[in-house]
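Enquirer: When you get a sec, could you build the whole thing from the sequences and use the hints?
Residue-level listing of the chains:
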Amino acid sequence: MEPVEIGLWGVPLAVLGGAIRVSTPFLFVSLGECLTERSGRINLGLEGTLVFGAMTGYALAYESGSPYVGVLAAALAGACFGLLHGWICKFRGVNDIAIGIALMLLGMGLAFFFGKPYIQPVAPDLPAINFGWWSDIPQVRAALQVNVLFLLGGLLAVAMAWMFRSTRVGLTLRVVGDSTDAARAMGLDPDRVRLLATAAGGALAGIGGAYLSLYYPGSWNEGISSGQGLMAIALVIFARWNPINCFWAALLFGGAGALGPALQSVGVSEGYYLFFAAPYVLTLGLLILTSSPDRAMQGAPLELSLTK
Amino acid sequence: MTTFGKLNRRHFLGTSAAALGAAALGGLARPAMAAGDLTVGFIYVGPKDDFGYNQAHAEGAAAVKEMAGVTVLEEENVPESQDVQNTMESMINFDGAGLLFPTSFGYFNPHILELAPKYADVRFEHCGGLWAEGNPTNAGSYFGYIGMGQYLNGIAAGHATKSKKIGFVAAKPIPQVLNNINSFLLGARAVDPEITCQVIFTGEWSLAVKEAEATNALADQGCDVITCHVDGPKVVCETAVARGAYVCGYHADQSPLAGDMYLTGAEWNWAGVYTDMVTKFMAGEAVPNFLRGGLADGFIKMSPLGPAVSDAGRAQFEAVKGEIMAGGFAAIKGPLKDNAGNVIAADGEAFVETDVALESMDYLVEGVLGSTS
Numbered sequence: 000m001e002p003v004e005i006g007l008w009g010v011p012l013a014v015l016g017g018a019i020r021v022s023t024p025f026l027f028v029s030l031g032e033c034l035t036e037r038s039g040r041i042n043l044g045l046e047g048t049l050v051f052g053a054m055t056g057y058a059l060a061y062e063s064g065s066p067y068v069g070v071l072a073a074a075l076a077g078a079c080f081g082l083l084h085g086w087i088c089k090f091r092g093v094n095d096i097a098i099g100i101a102l103m104l105l106g107m108g109l110a111f112f113f114g115k116p117y118i119q120p121v122a123p124d125l126p127a128i129n130f131g132w133w134s135d136i137p138q139v140r141a142a143l144q145v146n147v148l149f150l151l152g153g154l155l156a157v158a159m160a161w162m163f164r165s166t167r168v169g170l171t172l173r174v175v176g177d178s179t180d181a182a183r184a185m186g187l188d189p190d191r192v193r194l195l196a197t198a199a200g201g202a203l204a205g206i207g208g209a210y211l212s213l214y215y216p217g218s219w220n221e222g223i224s225s226g227q228g229l230m231a232i233a234l235v236i237f238a239r240w241n242p243i244n245c246f247w248a249a250l251l252f253g254g255a256g257a258l259g260p261a262l263q264s265v266g267v268s269e270g271y272y273l274f275f276a277a278p279y280v281l282t283l284g285l286l287i288l289t290s291s292p293d294r295a296m297q298g299a300p301l302e303l304s305l306t307k
Numbered sequence: 000m001t002t003f004g005k006l007n008r009r010h011f012l013g014t015s016a017a018a019l020g021a022a023a024l025g026g027l028a029r030p031a032m033a034a035g036d037l038t039v040g041f042i043y044v045g046p047k048d049d050f051g052y053n054q055a056h057a058e059g060a061a062a063v064k065e066m067a068g069v070t071v072l073e074e075e076n077v078p079e080s081q082d083v084q085n086t087m088e089s090m091i092n093f094d095g096a097g098l099l100f101p102t103s104f105g106y107f108n109p110h111i112l113e114l115a116p117k118y119a120d121v122r123f124e125h126c127g128g129l130w131a132e133g134n135p136t137n138a139g140s141y142f143g144y145i146g147m148g149q150y151l152n153g154i155a156a157g158h159a160t161k162s163k164k165i166g167f168v169a170a171k172p173i174p175q176v177l178n179n180i181n182s183f184l185l186g187a188r189a190v191d192p193e194i195t196c197q198v199i200f201t202g203e204w205s206l207a208v209k210e211a212e213a214t215n216a217l218a219d220q221g222c223d224v225i226t227c228h229v230d231g232p233k234v235v236c237e238t239a240v241a242r243g244a245y246v247c248g249y250h251a252d253q254s255p256l257a258g259d260m261y262l263t264g265a266e267w268n269w270a271g272v273y274t275d276m277v278t279k280f281m282a283g284e285a286v287p288n289f290l291r292g293g294l295a296d297g298f299i300k301m302s303p304l305g306p307a308v309s310d311a312g313r314a315q316f317e318a319v320k321g322e323i324m325a326g327g328f329a330a331i332k333g334p335l336k337d338n339a340g341n342v343i344a345a346d347g348e349a350f351v352e353t354d355v356a357l358e359s360m361d362y363l364v365e366g367v368l369g370s371t372s
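These protein sequence lines are chains F and A, in that order.
Going by numbering that gives the first Met the number 0, the first sequence opens with residue 0, and the numbers climb by one from there.
Going by numbering that gives the first Met the number 0, the second sequence opens with residue 0, and the numbers climb by one from there.
Because the hints were derived from the structure by calculation, they are not lab data.
Glycine residues also receive a C-beta, built at the ideal position from the N, C-alpha and C atoms.
Hints are not guaranteed to be accurate.
What the hints assert, rightly or not - Stretch-level coverage of chain F by chain A, calculated; a stretch enters the list once three of its residues show a Cβ under 8 Å from a Cβ in chain A:
id, segment
1, 6 to 16
2, 112 to 126
3, 213 to 219
4, 246 to 259
Expert: As structure tokens, then:
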């Protein structure tokens, strides 16, 4: 099909396409972190989990020939990192933030080490669903190529919000996250709950990594994440620990990241370094706008080391 | 930080021993080497199998490894910061390297310039830098006229494009990158003067997601041939092919990634250059401080033409390649303006490939859509 002249429409289209393409890792990592933080722990290691998940996913998809095996393996690897974090953190006097940073470096180091032989080979990609079939414009079709993992992430956000609000599991997580003492009085084991929540969070971050290496940009190299895992952790605070907000925040970041290249492509090329800072400027602006001295850290789990 | 302590102590011992007049002791501070043997260190800014810049150098290093009496050290992922000085010092002090190839652009100034005076008996050979009179004489810079390769890429692109729009994903607006962008467009304009080239800068040498977004944005604007100048062209190649655009390669051969959509590519050919330099160095011959070479000197080569290149394209490609091989070819020649309307070359004026003025290029020529800042 011949490309159609779309001119300035390229910008909103790129932001839409970018929101769909780039947001998925943000979404999975922030949902994972949201789950972990709701149980009262911070896992800063998710950047490392993301990179290790990307490597594991790519390696296993290449070895097995199936991208789904890769996604599963990435989730498993992520869960292992989460278990390790949860297990170490249950000891007295261990700081979860410090352990998180240590695990982040470990995850990246291991991923670089084991990932060496997989930089060159080409692994099978995850398929996409074409939601642009109604359009004759190839650019629209390309922008509306939606990966299953993105849809899954969206559903997961809704399911998680429902879980926190109306299920027993959600209640347990919230009690543990808000008051260790109350949880103990109820006969719950806070360490076990946190261990499982961190493992599940790690698994989600691993899936986010598999998306990076198996779909977009769709190859494994050492610079694949460029800090997206860390940004996603910050997104959770920005989203006030609400999974639905995590979804919108991830979309916003994905779209804002596409703004810089899209503006250059339509001729707004002066000061592109400034446009590349758009996601960060946006975060700052929104945080300032939504901040309030009266209800600081609203929605934050009370057991979080941030709030204590 | 223990390495720092060791380095300083060693250096201190070396210099104080020399101060005592026992010059031989200073020599003992370095690992002893058999006479005639040479340890060569290669330092890369990224992974050495990235289908790109670092892989091209690593292929050169592999050729050096085959030489008799040479030990090759390699270190990857060394940032363009104090880290590279630490790597160079440890290669010199602990492994006894006598010749170093720190290959990334940002290693030269200030890092090599700071270390070279301190280690006068070690040779520093840097890729891409501009060694000038007054710089340490045990440092040197080498580079290839790869802009000519991008000019040839442009000819293949000019024959393949239907939309008359071609695209370039670039990392940073440094002279080498600008020269490549300009050459790519001018090559295409040698086929059809109506062709324009859209450039998108990503701001970093290796940013996978941004490179993919840039490639998508180019495809959205109708660019149907895409090339790049980033460290690892893998992401750009794969994304462009997924969007149905032809690809011209850069740094190394990316035809395994792009298949039939691969037109040709401008590749480095460091194997010959490096073995030559090492041979000269071991024989004690002088290696020029400022070394440059092009297609004819074997510094660069072109990937074999892909099946999508038309017969007319092949003919023009080969003809221009012949002209470049003969020497004295100029891509930048008058009358030529930059894309802001300033005159770059008056009628009859030409900058041949070897012109040093091209190495401080700071403009994009008319027909390139984009800006350098």
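Enquirer: Would you check chain A against the segment 112 to 126 of chain F, counting CB to CB pairs closer than 8 Å, and say if three or more residues qualify?
Expert: holds (count 4)
Enquirer: Count the residues of the segment 213 to 219 of chain F with a beta-carbon closer than 8 Å to any beta-carbon of chain A: does the count reach three?
Expert: holds (count 4)
Enquirer: For the segment 6 to 16 of chain F, does the count of residues with a C-beta closer than 8 Å to a C-beta of chain A reach 3?
Expert: Our answer is that it holds, as 4 residues pass the Cβ test (under 8 Å) against chain A, meeting three.
Enquirer: In terms of beta carbon proximity below 8 Å, does the segment 246 to 259 of chain F have 3 or more residues touching chain A?
Expert: holds (count 3)
Comparing the model with each numbered hint stated earlier shows that all of them hold.
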